[in-house]
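Residue numbers (the working numbering), protein chains in the order written: chain A, 21 to 147; chain B, 9 to 145.
By construction, these hints were calculated from the structure, which means they are not laboratory data. Watch out, some of these pointers could steer you wrong.
Said to hold, decoys possible - Computed beta-carbon distance windows for the label pairs: (1) B:Lys13 <-> A:Asp139: 55 to 63 Å; (2) B:Asp116 <-> A:Arg115: 27 to 35 Å; (3) B:Gly113 <-> A:Lys113: 41 to 49 Å.
To be verified - Computed footprint of chain B on chain A; a stretch qualifies when at least three of its residues, placed anywhere within it, have a C-beta under 8 Å from a C-beta of chain B: (4) 77 to 90; (5) 103 to 117; (6) 132 to 144.
Values in this document were obtained by computation on a predicted structure and should not be read as measured data. Using N, Cα and C, we set each Cβ at its ideal position, and we do this for glycine too.
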Amino acid sequence: MPKILNIVETAYRATIEEQDDTILWLTHALKNAGADISLLLRANAVNYAVKGQDASGLVFGEASMAHSPEIDKDLEKLAAKGVPVYLVEEDAKERGLSDADLISGVKKISRRDLPELIDQHPQVWHW
Amino acid sequence: MASGKTITIAIMDAPYESANSTTALRIIHAALQQGHNVNVFAYEGAVNLTMKAQQPHANPVKGTTVEQEQHPTTKDWIASLFKLAKDKGVKLDWNNCGLCVDERGAGDWIEGPRRGSPKDFLEASSASDATLVIPTK
Numbered sequence: 021m022p023k024i025l026n027i028v029e030t031a032y033r034a035t036i037e038e039q040d041d042t043i044l045w046l047t048h049a050l051k052n053a054g055a056d057i058s059l060l061l062r063a064n065a066v067n068y069a070v071k072g073q074d075a076s077g078l079v080f081g082e083a084s085m086a087h088s089p090e091i092d093k094d095l096e097k098l099a100a101k102g103v104p105v106y107l108v109e110e111d112a113k114e115r116g117l118s119d120a121d122l123i124s125g126v127k128k129i130s131r132r133d134l135p136e137l138i139d140q141h142p143q144v145w146h147w
Numbered sequence: 009m010a011s012g013k014t015i016t017i018a019i020m021d022a023p024y025e026s027a028n029s030t031t032a033l034r035i036i037h038a039a040l041q042q043g044h045n046v047n048v049f050a051y052e053g054a055v056n057l058t059m060k061a062q063q064p065h066a067n068p069v070k071g072t073t074v075e076q077e078q079h080p081t082t083k084d085w086i087a088s089l090f091k092l093a094k095d096k097g098v099k100l101d102w103n104n105c106g107l108c109v110d111e112r113g114a115g116d117w118i119e120g121p122r123r124g125s126p127k128d129f130l131e132a133s134s135a136s137d138a139t140l141v142i143p144t145k
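Model the full structure from these sequences, guided by the hints.
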């Protein structure tokens, strides 16, 4: 089975409605199905690695949201399951995110090293 | 207390695809809560927001059942907004673009929305105090 690199660029795409990120969820499901898969966060999606995110409290009329998304925790679960999780270092810096802001278990990678990472994966899916 | 003011909001995004839908519903909620009338023109994929057949699902990744997951549906959120409008004594006029409905086969809605057209959007906008367009990107 070829190695897959899932690149997530667009962040917070219906994460409230879905109670998670759809591509992180898909990555998790594919891993469960036996895929050799890695995840790379770039552009605004680097914010997914910020710890302590809280999207709770949403209410429409009398309908309240029972479970808010916990993207940072979902990333930790992916990493714990053996999915390498990468993050573009410069994209985090440009957004003022320091190491102290980020969850552990995410591997920072510089832009100049991206070609090598991509070359290691016969399948590259850019979401 | 009703303000007597009306806002018209055009939305385009399909449910479960972007944050735009949630943002639009938050604005609608806030406007109704403050006693304003709200017209909605649901265009293109947004006509699927009110589909009656939407169902919550279990989450095999998290290992949760349907009951545990309590997955929200946009049709339930919008039904709640219709109730809020009623409770507040203001009007929520939800206009699903008829041609968009037809091309998607998306005509089975919850109670509340009506079939309309761009002409209805124009008339609603003309009669409103403000119009907000939230397009898909």
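Evaluation of the provided hints:
no., hint, in the structure
1, B:Lys13 <-> A:Asp139: 55 to 63 Å, "59 Å, holds"
2, B:Asp116 <-> A:Arg115: 27 to 35 Å, "43 Å, violated"
3, B:Gly113 <-> A:Lys113: 41 to 49 Å, "47 Å, holds"
4, 77 to 90, "holds (count 9)"
5, 103 to 117, "violated (count 0)"
6, 132 to 144, "violated (count 0)"
The structure is inconsistent with the numbered hints 2, 5, 6, although it conforms to all the rest.
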